[in-house]
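**Student:** Take the sequences, apply the hints, and build the full model.
Just so it is clear: in the sequence shown, position 71 is 76 by the working numbering, and no numbers are missing.
For the record, the hints were derived by calculation from the structure and aren't laboratory data.
All clues given are correct.
Derived CB-CB ranges, DEER-like:
1) T82 - G46: 36 to 46 Å
2) R83 - G46: 35 to 45 Å
3) T11 - L63: 37 to 47 Å
4) E81 - L33: 35 to 45 Å
5) G46 - H69: 28 to 38 Å
6) Y73 - L14: 38 to 48 Å
7) R29 - K8: 21 to 31 Å
8) P7 - Y73: 26 to 36 Å
9) A28 - I59: 21 to 31 Å
10) L10 - A67: 31 to 41 Å
11) K17 - L63: 42 to 52 Å
12) I74 - Y19: 40 to 50 Å
Nothing here was measured: the structure is a model prediction, and the numbers come from that model.
Note that beta-carbon positions come from the ideal geometry of N, C-alpha and C, so glycine has one too.
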Amino acid sequence: MPKTLTLELPDKVYKELEMEAHARGIRLDQLVIERLAQVVGIEEDSLDKLIGSIESSLTDIAEHHDRYIAQAVLEETRR
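**Tutor:** In structure tokens:
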């Protein structure tokens, strides 16, 4: 379960983080969480961001993803 943490940052640190977040098009809190996760060695799986972002009529992708990947590779090699 997520926890709330309130921090007082030096102005210079805050401004640098704010500029980076703006440049990357992400919220400041997302950047801070990302940076803290890197420090403690927890890397977010970049594929997690894709979950729920693609529409499909398939309902069993999680259970049979290997089959679907193999099918796509086979179709690609036949071209």
